[in-house]
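So the chains spell out like this:
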Amino acid sequence: MTDEPIIRVRGLVTRFGTTVVHDGLDLDVKRGEIIGVVGGSGTGKSVLLRSIVGLLKPAEGQIEVFGKSVRDTDADHYRALRRRWGVMFQDGALFSSLTVRQNVEAPMREQLDLDDDLRALLAGIKVRMVGLPDRALENYPSELSGGMRKRAGFARAIALDPEIVFLDEPTAGLDPIGAAAFDKLIKQLQISLGLTVFLVTHDLDSLHAICDRIAVLADKKVLAVGTMQEMMDLDHPWVHEYFHGPRARAATPVADRKETD
Amino acid sequence: MSATTTKAQPDPSGPVRFDSDGGRLCVQGRLTIDAFQTLDLDAARDQATQAEVIDIAGLSHMDTAGAWFLLDLAQRTSAGAASGITGASDAQTQLIAAVGDNLPPEDAGETPPARLVDHLEKLGRRVALAGSNALEMVSFLGQVIATLGRVIRHPRQLRLTSVVHHCQEVGVQAVPIVALMAFLIGVVLAFQGSAQLRQFGAEVFVVDLIAISILRELGILLTAIIVAGRSGSAFTAAIGSMKMREEIDAMRTLGLDPVAILIVPRVLALIFMLPALGLIANVSGLIGGAIMSWIELGVSPAVFQSRLVSNTDVWHFNVGMIKAPFFALIIGIIGCYQGMKVGGDAESLGRLTSASVVMAIFMVIVADALFSIFFAIVGV
Chain D
0 MTDEPIIRVR GLVTRFGTTV VHDGLDLDVK RGEIIGVVGG SGTGKSVLLR
50 SIVGLLKPAE GQIEVFGKSV RDTDADHYRA LRRRWGVMFQ DGALFSSLTV
100 RQNVEAPMRE QLDLDDDLRA LLAGIKVRMV GLPDRALENY PSELSGGMRK
150 RAGFARAIAL DPEIVFLDEP TAGLDPIGAA AFDKLIKQLQ ISLGLTVFLV
200 THDLDSLHAI CDRIAVLADK KVLAVGTMQE MMDLDHPWVH EYFHGPRARA
250 ATPVADRKET D
Chain R
0 MSATTTKAQP DPSGPVRFDS DGGRLCVQGR LTIDAFQTLD LDAARDQATQ
50 AEVIDIAGLS HMDTAGAWFL LDLAQRTSAG AASGITGASD AQTQLIAAVG
100 DNLPPEDAGE TPPARLVDHL EKLGRRVALA GSNALEMVSF LGQVIATLGR
150 VIRHPRQLRL TSVVHHCQEV GVQAVPIVAL MAFLIGVVLA FQGSAQLRQF
200 GAEVFVVDLI AISILRELGI LLTAIIVAGR SGSAFTAAIG SMKMREEIDA
250 MRTLGLDPVA ILIVPRVLAL IFMLPALGLI ANVSGLIGGA IMSWIELGVS
300 PAVFQSRLVS NTDVWHFNVG MIKAPFFALI IGIIGCYQGM KVGGDAESLG
350 RLTSASVVMA IFMVIVADAL FSIFFAIVGV
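Protein sequences appear in the order of chains D and R. The numbering of the first sequence is numbering that gives the first Met the number 0, which starts it at 0 and goes up by one. The numbering of the second sequence is numbering that gives the first Met the number 0, which starts it at 0 and goes up by one.
Simulated from the structure, these hints should not be mistaken for laboratory data. No residue lacks a Cβ here, since even glycine has one placed at the ideal position from N, Cα and C. Careful: at least some of the hints might be erroneous.
Heads up, simulated EDC-like pairs for lysine to aspartate or glutamate below, C-alpha to C-alpha not over 20 Å straight-line [said to hold, decoys possible]: (1) R:K340 / D:E142; (2) D:K183 / R:D100; (3) D:K56 / D:D73.
Derived list of chain R stretches under chain D, where covered just means 3 residues or more per stretch with a C-beta under 8 Å from a C-beta of chain D [claimed, not checked]: (4) 24-34; (5) 54-64; (6) 82-94; (7) 324-332.
Please model the entire structure based on the sequences and the hints provided.
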């Protein structure tokens, strides 16, 4: 684990029309960690994710992944860079015309020249790794439950054994048991595949359970980065409300009263 | 037995190599998914069968694909899968274990080839599906008609704004394209007709040719086809995407009837507007025909008009107009029905939209044929 950050964001400015979403945002992600990005609705968590993977061109600022700029890069370079990360969107974003197996095979098919049988076998391993049953392989996304779609989306994100996975609210909309299982899965695969995980989430349980560090987005910047304990101790109204609010683990009777206000 | 790493990889560690060293098979370099593009798997497997253990201490990189292949090789060694791999780091051991737990089941054999019985079964299922679809559509038609009846008895339930809006969408906005299309058809008929009729010196009959074919058949039929392509598809797409986003279900839970709110106004708008569009098409087709007859045959507009009035029975016009509301009903019902059938995925929206257009046009032509027979029997 080198000290050089695997993702380095400096002075990021993102605007939509006259709305400024990020204004001079800085963030470092270390190799091999699970970083949780939290923030209120509309603080640009997903926008940050999309900027880092190059789906959005920020107005200003530098984004480096693996020490290379994502923004000022030619197509070949970007392609090579892109191979080294995987993205899972909120609802899996599976291709609805393809089966789960074909979805997981899609990145392999696009990037590599592999034998059909081998590709199917590797896709099968990935699908099993994310805990989907074998029969799901030949199912279409519309035939799967929300939780299974997320798992399949995760399987597609790790199809090429990327070094970084970006997960956009992986546990949103899952029942607590399913969400806990998904957390466990992320942690387990992070260890066995040596992943760096960039996790956008609202799930306090996820943050507690698997995140090494937490970055809080507020006031158009990264307000603070640190461990869960550091966040709990931080003295900022929003952060305090978030980590000590009625839904947080440390819910107190005082907080309960606040909810009914 | 060597593999190349892609140029993009910044890591200088070499391609994977398999070296037999007595009872050990030493694996070195990068054993990642890229390597499998050029790796000779069988050669490595042959080497493994002669080895006792696989030593991966020299392996610089290994991913899931690599771990799988090492397990595959280890199975062939005399030491077996469990203890066939030595020299793995902690991380590598973990990955190999994780892959080992997720290997495909042994019995995952080939699916047997399809037999005749399977094909027959598939055919049977399709026929049954087509039958149930037809039945469903008839029941949908009944539902729409029942709702229409209710709306007529209680006019306050009619969504007048919605009807007017759809009249604008399917009617007024279609006027330019329909008028242009009919005008050109009139021109073509006059041009082609005059070339043929001139051979017999019967040029003046081109008026009858144009009048009868446009008023009776082409005007309304082509209008219906354009409307099916324009509005039928729009109905399916609009209702389908509402279905996809659960808006229809939301309506039902609020006690609103989607048939009354979404479908009846659309169908009514079509029933009102298709005859109007047909009339415009008729007029514009006749104008096109008259202009071309004048240019091509010297039949002056005055002669064209008098011949049109004296020789063309008004029933030709009536026949066309009688068909219009039926075509409108067909297009509206099929467009809305297909929209209601859209499922949760984007794929079905596209498929059903195109199915809706094809089916609407086909059914319009079938209905037109049936009307021809009917009018021939009643003698108009």
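Checked hints:
{"no.": "1", "hint": "R:K340 / D:E142", "verdict": "16 Å, holds"}
{"no.": "2", "hint": "D:K183 / R:D100", "verdict": "16 Å, holds"}
{"no.": "3", "hint": "D:K56 / D:D73", "verdict": "14 Å, holds"}
{"no.": "4", "hint": "24-34", "verdict": "holds (count 3)"}
{"no.": "5", "hint": "54-64", "verdict": "holds (count 3)"}
{"no.": "6", "hint": "82-94", "verdict": "holds (count 3)"}
{"no.": "7", "hint": "324-332", "verdict": "violated (count 0)"}
Comparing the model with each numbered hint stated earlier shows that hint 7 is the single one that does not hold.
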